[in-house]
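Colleague: Below, each chain spelled out in residue letters.
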Amino acid sequence: MAYHKNCEGMTRRDCLQLGVSFLAGGSFVNLLRLQGIAAEVSTPAKTPARCILIWMDGGPTHFETFDPKPDAPAEIRGEFTPIRTKIPGIHFSQHMTRLAGIADKLAIVRSVCHNQGNHGAGNHYMMTGTPTRIPVGCGAFVSFHPSMGSVAAYERGAPEGLPAYFSLPQMSRSGGPNFLGAKYAPFVVSDDPSRDNFRVRDVALPAGLTDDRFHKRRDLRQLVDRFERITDEQAADPVPAMDEYYRQGYNLMTSPAAQKAFDIHSEPDTVRDRYGRNGFGQRALLARRLVEAGVPFVTLYDGGWDHHSEIFTGLPKKLPPFENAIATLIEDLEERGMLDTTLVVALGEFGRTPKISQLAGRKTPGRDHWANAMSIMFAGAGTPGGQVVGATDRNGHSACERILAPENFVSTVYRKMGIDPGKIYQTPQGRPVHLVTNPEPIAELMG
Amino acid sequence: MPCALLHRALAAALALALISSTSRAAAPAAPEEATAESPAAPAIVSGEVNFELDVLPVLTAAGCNSGACHGKARGQNGFALSLLGYDPGFDYSAIAEEAHGRRVFPAAPDNSLLLRKASLAMPHGGGERLKPGSQEYEVVRRWIASGMKRAGADAPSLDHITIEPSEHVMPAGSSEQLKVLAHYSDGSTRDVTRLADFQSNDSGVVSVEGGLVTAGQLPGEATLMIRYMNNIAAWNTAIPIEGSVEAQVYDALPRDNFIDPLVWDKLQTVGVVPSKPAPDHTFLRRAYLDVIGRLPTPDEARAFLASGAPSKREELIDALLDRPEYADYWANKWADLLRPNPYRVGIKPTMAFDAWIRQAFRKNQPYDEFARELITAQGSAWRNGAATWFRDRRTPDEITPVVSQLFLGIRLECAKCHHHPFEVWGQDDFFGLAAYFSRVGHKGQGISPPISGGEEVVLVKDSGSVKHPITGAVVEPKPLFGTARDIEAGEDPRRALADWIASDDNPYFAKVAVNRVWAELMGRGIVDPVDDLRATNPPSNAPLLEALADDFRQQGYDLKKLIRRIMTSHAYGLSSVPNERNVSDTRNYSRHYRSRLRAEVLLDAVCDVTGVPEDFNAMPEGTRSMEIWTHRVESLFLDAFGRPDANQDPPYERLPDSTIVQALHLMNASELHKKISHDEGRAAKLAASDKPPQEIIDELYLLIYSRFPDDEERQLVGEAFAATPDRRQATEDLMWALLNTPEFMFKD
Chain U
3 MAYHKNCEGM TRRDCLQLGV SFLAGGSFVN LLRLQGIAAE VSTPAKTPAR
53 CILIWMDGGP THFETFDPKP DAPAEIRGEF TPIRTKIPGI HFSQHMTRLA
103 GIADKLAIVR SVCHNQGNHG AGNHYMMTGT PTRIPVGCGA FVSFHPSMGS
153 VAAYERGAPE GLPAYFSLPQ MSRSGGPNFL GAKYAPFVVS DDPSRDNFRV
203 RDVALPAGLT DDRFHKRRDL RQLVDRFERI TDEQAADPVP AMDEYYRQGY
253 NLMTSPAAQK AFDIHSEPDT VRDRYGRNGF GQRALLARRL VEAGVPFVTL
303 YDGGWDHHSE IFTGLPKKLP PFENAIATLI EDLEERGMLD TTLVVALGEF
353 GRTPKISQLA GRKTPGRDHW ANAMSIMFAG AGTPGGQVVG ATDRNGHSAC
403 ERILAPENFV STVYRKMGID PGKIYQTPQG RPVHLVTNPE PIAELMG
Chain C
38 MPCALLHRAL AAALALALIS STSRAAAPAA PEEATAESPA APAIVSGEVN
88 FELDVLPVLT AAGCNSGACH GKARGQNGFA LSLLGYDPGF DYSAIAEEAH
138 GRRVFPAAPD NSLLLRKASL AMPHGGGERL KPGSQEYEVV RRWIASGMKR
188 AGADAPSLDH ITIEPSEHVM PAGSSEQLKV LAHYSDGSTR DVTRLADFQS
238 NDSGVVSVEG GLVTAGQLPG EATLMIRYMN NIAAWNTAIP IEGSVEAQVY
288 DALPRDNFID PLVWDKLQTV GVVPSKPAPD HTFLRRAYLD VIGRLPTPDE
338 ARAFLASGAP SKREELIDAL LDRPEYADYW ANKWADLLRP NPYRVGIKPT
388 MAFDAWIRQA FRKNQPYDEF ARELITAQGS AWRNGAATWF RDRRTPDEIT
438 PVVSQLFLGI RLECAKCHHH PFEVWGQDDF FGLAAYFSRV GHKGQGISPP
488 ISGGEEVVLV KDSGSVKHPI TGAVVEPKPL FGTARDIEAG EDPRRALADW
538 IASDDNPYFA KVAVNRVWAE LMGRGIVDPV DDLRATNPPS NAPLLEALAD
588 DFRQQGYDLK KLIRRIMTSH AYGLSSVPNE RNVSDTRNYS RHYRSRLRAE
638 VLLDAVCDVT GVPEDFNAMP EGTRSMEIWT HRVESLFLDA FGRPDANQDP
688 PYERLPDSTI VQALHLMNAS ELHKKISHDE GRAAKLAASD KPPQEIIDEL
738 YLLIYSRFPD DEERQLVGEA FAATPDRRQA TEDLMWALLN TPEFMFKD
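Protein chains in written order, with our numbering: chain U, 3 to 449; chain C, 38 to 785.
Hints may contain errors.
[Stated by the list, open to error] Cross-link-like lysine to any residue pairs, in silico, SDA-like; alpha carbons within 25 Å at most:
| hint | chain 1 | residue 1 | chain 2 | residue 2 |
| --- | --- | --- | --- | --- |
| 1 | U | 357 | C | 507 |
| 2 | C | 784 | U | 235 |
| 3 | U | 365 | C | 486 |
| 4 | C | 313 | U | 238 |
Hints listed in this document are in silico derivations from the structure and should not be mistaken for laboratory results.
Same shape as in the complex, but just chain U (with noise of 0.2 Å):
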């Protein structure tokens, strides 16, 4: 197999200094171009962006958010105020005070929508910009088409010793890389930063095991895998996913770069404070420290936003953290010097309803799926700051100036992160996709 191959390319040294603890480079370099994954330089124009995709899981009510409506009937309106923001004339909804203070920095636009009003079909078309294939069900977690994060690892490559697409806590439904395959998935970091003990999970050795003996298992398991292989792609085999992951697994204990950068305990306290001492908090710190190793995309899961009750009891609570935190990282990212060449969006797979809902069984009132208008948040990589592009009606249920859709979205982040939007890919079955049918991005957000 030709990753095992890949793998023989590593020198028994680099092994030893692999699992275990701080390694002095040098030879990690050799080890990476033998190992095929040295980040390809896509578009040379400007330098393109790396991205942290803040998913809101469930989709996010764009009236309690970045598109109040205070002229709407009371049943519309909710119980929020709009306040104003930095910027005359720009108003968020009431808990969105941080963000507010910043909105110097971020582009809303308040016009995107689309058809897809389930959670599994609405997730697949903003994750990877194209619609599913045939109709799926609210509960579906499927894929029809590689995610944006998946596309990014694939262009852009991954940094040295990381991988090149992360997703924290854990992956979004449509996340996935459908047909580039296993190697462009993303790494999941499923445990929470927050914690006192944070360690990402089993990329260091066990304890009792020397880097010498793991070094020797290692060439044993490769003596003993004579397992049939079945190449062909379209046989669809699930093997050589395995024998991906086994080699990027390898490559993530070697690294140095990762165990710095997953190192959040080296972050002074005063930073740990300011991104909340929570687990969305922290995680978008950990998100600033990938992205400053040179990690592509990392995509910031947060659940809990399907609002179909509690939502003016549930909000006061979820907003404030959640949105100290973005506008913490956006903060962060420019004191750095960081944030001309990293996007920061944050947007789920829908808007929701217009009319206050009750539904059977709910105690307290909430906002259904609305795929006919969301708001989507932007900052950095050059996107002029301090505008709203595209409107809703009165009432927030259409959009109804600049009406955009997620192609047009997906667009603009590739076009940021300097992948053409309109290639066309070939599937392992020899057919071509287009990676996005409809590739304008959003011309306001271009600068």
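Position chain C against the provided structure of chain U, taking the given hints into account.
Modeller: Relative to chain U, chain C alone:
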């Protein structure tokens, strides 16, 4: 499950998805494309026009009542139509009566708002939908001019649609015009091709535009969905592999039971040749894993491999089916479909349910009886585990979609809120079925998460009803199709439902059951996903599914007999290694499809191999992971390899995927390291024995791979073993290495 509580707004979005998969919501495909003049499309109507049969199809084809536009729950700009025209009465009054009748103007039909908007004579957010002068425009114009007639009570109604020509394979690159015929209750037919909607489930294999089907260049299979009003038809096709195969190749294949000829027939139509039979050791391992979810012991493997009996494979299957582990392994699969969250229903009811499921498999309860008992369960959830189902799913609308999905393979969830645009089920069907559960009652302490500690009794009340969410009318119990017997006075209505579901005449009941079992053994369902049986998701081999279902019925719904039947087919025993004519086959069973061992099987195997059992919280010592009663029992290993999320409502579908986390866990997890290097473990004992290295190596190969090493392996591994001075280390290292290879992790 958020879906269960979806607002009607979902209707809009769902239907939208179906209108045009690539065009944007705001601008669906222009009508010119959908109704392009084509020689294959004759005049859409002649003679007198009426609303139901003539006008509504035109409006539907033009996209007016799609979920993106006027078909969404609140309509568009004050003009609402029913989604894709499922409610003609509503639509008629919206067009002809509402808005003070200004939408239609019989005296000067071209000045009707309906036509002016749709033809863009006035600004229209939806753009031009009806081109003036087109046939479609004319139909609507004539209808208005003639006074907006509805179809009379005696007018024929649309019964079904058929597609011509019939399904067949298509040569690569060929194309063909399909014809859609609408059949009416009076026996008349009409060509409705140009008003029908076409969609391919794999446009890479076969694309379709206005009924013109074009086959791609590569072999494959695809299904077209064709919709005309609320009628759906599917048209399956395949592009066969290039080159031909002599008929003798198929004639010469073994036919061990009825399954084989049906598999071979399908292979012949697509030009696929099956793989060779798997070698004995592969079959052995496969059979153990499939029937009892564990690996053979070295002694068991030795005995099977040494046997020369011609019937040894069949004997092995019979012996395995008699093993007690069978029950736990198969109950474990059903637990994925049924097991509730103990934080919701309480610990005792969860345990009782678990015990009930296991007991059913222990006594090999006939599957129809299993279904009946579950559907009609009552009593205390502390004592009758099956009653827990109704403690968890407390209302008719909660239990209905689960019953339907599990036992019929029909997904009704969407139909709760709106007519399913690409299916036949609507709210009437949903609530008709739900009405059978209207008299289920609860007595005692209800649920109070996260403890739900009280006892509750599920009972049948004297009365109870289910109301239609829109009309508010009480809905009488009604089966989804066919007829069900009457509910007798004082009888639990669920009994009548269970009789209908588990009846020999119900085509879905046996099919979804055999399909599940088939998928477990063969790596993929004949219908995939396994519990989604519908015209638009056709089986890869319909006669085979049919025959398996018939056989299952005839054998009294005996699951063991079904398993035995499948496993004794020649097809089951095929090798996974492809030849040049089946490498692309992933759905016709021309070779065995490999799968990674599921989490519990893998963990139990690791424990058996290392000789060190797992120590689970809240479970007695020596518990195997197959015996755990809730997914709340902590296990990093099981989490890494994927198991149901205890917080998610069943039914749960496991993802077979591999991940880097799994690779890292098998390599580096400290728990695993401790097992391998345990002083009382297998490696330590083997190393301390007086066995020569060769025997240790043989033993480990038998334990982990269920086979002997071949000569080359013996030599190479022997050398590596000898090179490690510490025998214990050498044994541990070899064990680690074998456990970390795909030959261990996968069922081949």
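Colleague: In ascending order, which of the hints set out earlier in this document are inconsistent with the structure?
Modeller: Violated: none.
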